[in-house]
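K.L.:
For the record, the sequence lines run as chains R and F.
Each residue of the first sequence is one higher than the one before, starting from 5 at the first, in this note's numbering.
Each residue of the second sequence is one higher than the one before, starting from 5 at the first, in this note's numbering.
Any given hint could turn out to be false.
Said to hold, decoys possible - Distance windows between CB atoms, simulated:
1) F/N151 x R/E90: 41 to 47 Å
2) F/N151 x R/N14: 20 to 26 Å
3) F/E141 x R/S56: 35 to 41 Å
4) R/N40 x F/E154: 30 to 36 Å
No lab work stands behind these hints: they were computed from the structure.
Computed from a predicted structure; not experimentally measured.
Positions of the beta carbon are idealized from the N, C-alpha and C atoms, including for glycine.
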Amino acid sequence: MNKWYEKAGNYSDVVISTRIRLARNISKYPFPCRLNSNTKKEVINEIYRALSRPEFKDYNFSCINAWEASLAEIRSLIERHLVSPEFAKADKNKAAFISQNGDISIMVNEEDHIRLQVMKEGLDLEETYNEADKMDTKLDKVLLFAFNEQLGYLTQCPTNLGTGMRASVMLHLPALRRCEMIEKISSSLIKLGLTMRGLYGEGSEPKGDIYQISNQVTLGISEKTALKNLNDITLQIISQERNCRKELAKDIQTIDAICRSVGILKTAKLLNNEDFMRLISNIRLGLSIGVIKGISYDTINEVTINAQPFMLIKAANSELSPLQRDKKRASLINEKMSTVEVL
Amino acid sequence: MLCQSCGKNQANTHIKKVINGELTEYMLCDKCAAKLGYSNIFDGFGFSFDNLLGSFFAANEPKFMPLNNKRCDFCGSSLEDISNTGKVGCSKCYDVFFDQLMPSIKRIHGNTKHAGKYASAVGQENIIKNEIQDLNEKMKVAINEQNFEEAARIRDKINGLKGKEQSNNE
Numbered sequence: 005m006n007k008w009y010e011k012a013g014n015y016s017d018v019v020i021s022t023r024i025r026l027a028r029n030i031s032k033y034p035f036p037c038r039l040n041s042n043t044k045k046e047v048i049n050e051i052y053r054a055l056s057r058p059e060f061k062d063y064n065f066s067c068i069n070a071w072e073a074s075l076a077e078i079r080s081l082i083e084r085h086l087v088s089p090e091f092a093k094a095d096k097n098k099a100a101f102i103s104q105n106g107d108i109s110i111m112v113n114e115e116d117h118i119r120l121q122v123m124k125e126g127l128d129l130e131e132t133y134n135e136a137d138k139m140d141t142k143l144d145k146v147l148l149f150a151f152n153e154q155l156g157y158l159t160q161c162p163t164n165l166g167t168g169m170r171a172s173v174m175l176h177l178p179a180l181r182r183c184e185m186i187e188k189i190s191s192s193l194i195k196l197g198l199t200m201r202g203l204y205g206e207g208s209e210p211k212g213d214i215y216q217i218s219n220q221v222t223l224g225i226s227e228k229t230a231l232k233n234l235n236d237i238t239l240q241i242i243s244q245e246r247n248c249r250k251e252l253a254k255d256i257q258t259i260d261a262i263c264r265s266v267g268i269l270k271t272a273k274l275l276n277n278e279d280f281m282r283l284i285s286n287i288r289l290g291l292s293i294g295v296i297k298g299i300s301y302d303t304i305n306e307v308t309i310n311a312q313p314f315m316l317i318k319a320a321n322s323e324l325s326p327l328q329r330d331k332k333r334a335s336l337i338n339e340k341m342s343t344v345e346v347l
Numbered sequence: 005m006l007c008q009s010c011g012k013n014q015a016n017t018h019i020k021k022v023i024n025g026e027l028t029e030y031m032l033c034d035k036c037a038a039k040l041g042y043s044n045i046f047d048g049f050g051f052s053f054d055n056l057l058g059s060f061f062a063a064n065e066p067k068f069m070p071l072n073n074k075r076c077d078f079c080g081s082s083l084e085d086i087s088n089t090g091k092v093g094c095s096k097c098y099d100v101f102f103d104q105l106m107p108s109i110k111r112i113h114g115n116t117k118h119a120g121k122y123a124s125a126v127g128q129e130n131i132i133k134n135e136i137q138d139l140n141e142k143m144k145v146a147i148n149e150q151n152f153e154e155a156a157r158i159r160d161k162i163n164g165l166k167g168k169e170q171s172n173n174e
């Protein structure tokens, strides 16, 4: 079965993926900030035992312990958006459980005992939430989550109280960026209780014109309402982006940049990640405005993830110098681009 | 841009810190900068984002409260621990320090009462009640949109849940 980043979903010309993340804590333990390494391991074991039960058998979870895993392995999880950058930080008493199809991940002892995350290709907030909700209900039955009627799900940081839900969509917005609309959108989103961030979430830089939009308020607003808000706004941004792209399709400089990107990605022998992200963004744009053909969004999604530094190291199964990485990245993309034609 | 600490005043102090090779940046107003020890450019060691959130917590609290020595009997956190780190120690802390935490929670979310999914901790009965309430709202929306097919489907679901509720009560 293909992983989410090897597929393209609804509105795939603009939306790369949808993600739901639920913050949960087991009521019988204090939150991670008040646990020592022994009790943190106990929490991991407790969740390990829960996930070994028959009702979770179909997910085929594999467990990655932060204290055993290599740096490359953990970094490659971040690049696939399966764990947060926070997960890689100092304290090693953490674990991640990843479902076989790579859609569901459960981070243990990050900011809360449990960060349950479901990811899907394209825009599909309802279905993605339904899957997270199902998993959450099953886990709650076994683990008993901390909850009260007034404050909802109780979390270590009060910013996640209530539903504990962070829903986000990853968008490719090259046209809005070129039209210098991003800042304007970003500040109006704040007024609507949403935020806009870079590729890897909190504090990260936007790379390759990829942005994440997510809900901010979690208390006093139900999951369904929050999802509907996010969905409505996303649809508006999609239509704005598409309108801007129509203008760009007539712009000779944009077309030139796309055609040059095709040339470089087809033939370059060395490609660093920054250049790659910038050029692949042009390819994605070129495909959507009909400047190029011979590649699908699925392939673009897949290669964008697989060309990331630690994914390359993981695939090579050995240490790679930056130069070796740039070479591998170039040959990977040369091959994927071989069928691309400029129209 | 507004100050990242108080969120009220215009930020005019840009702070860059490198800790273990990681760059963090904050924009603060001069009042908050002074409060957090940045009035003098050479001050400010031991400052972290957690403190920022902490200061957010403690902002409106009087300095010496009779509660100061009170600790959560489950995890041992004091209100000071929570203010300093911006992290609540355990679920019980939310009961123990409810009155002290509530103003900050309200400031963060603009709300004080949860809406949405119920966990098993509240009991099956309450979960069903919550689901029925949720479906009732959905049904109203469907009726407003004159989507009567959908409304009928939701009504059947509600009736199913009501049946479940009754059998639970018996």
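K.L.:
It remains to establish, for every hint, whether it holds in the given structure.
P.N.:
So, going through the hints one by one against the coordinates:
1. For F/N151 paired with R/E90, a C-beta distance near 42 Å keeps the hint of 41 to 47 Å intact.
2. Between F/N151 and R/N14 the beta carbon distance is about 22 Å. The supplied range of 20 to 26 Å therefore holds.
3. Under the hint 35 to 41 Å, the C-beta atoms of F/E141 and R/S56, about 38 Å apart, fit the expected range.
4. Against the hinted window of 30 to 36 Å, the Cβ-Cβ separation of R/N40 and F/E154 comes to about 52 Å, which falls outside the hint.
The structure fails to meet hint 4 from the earlier list, while all remaining hints are met.
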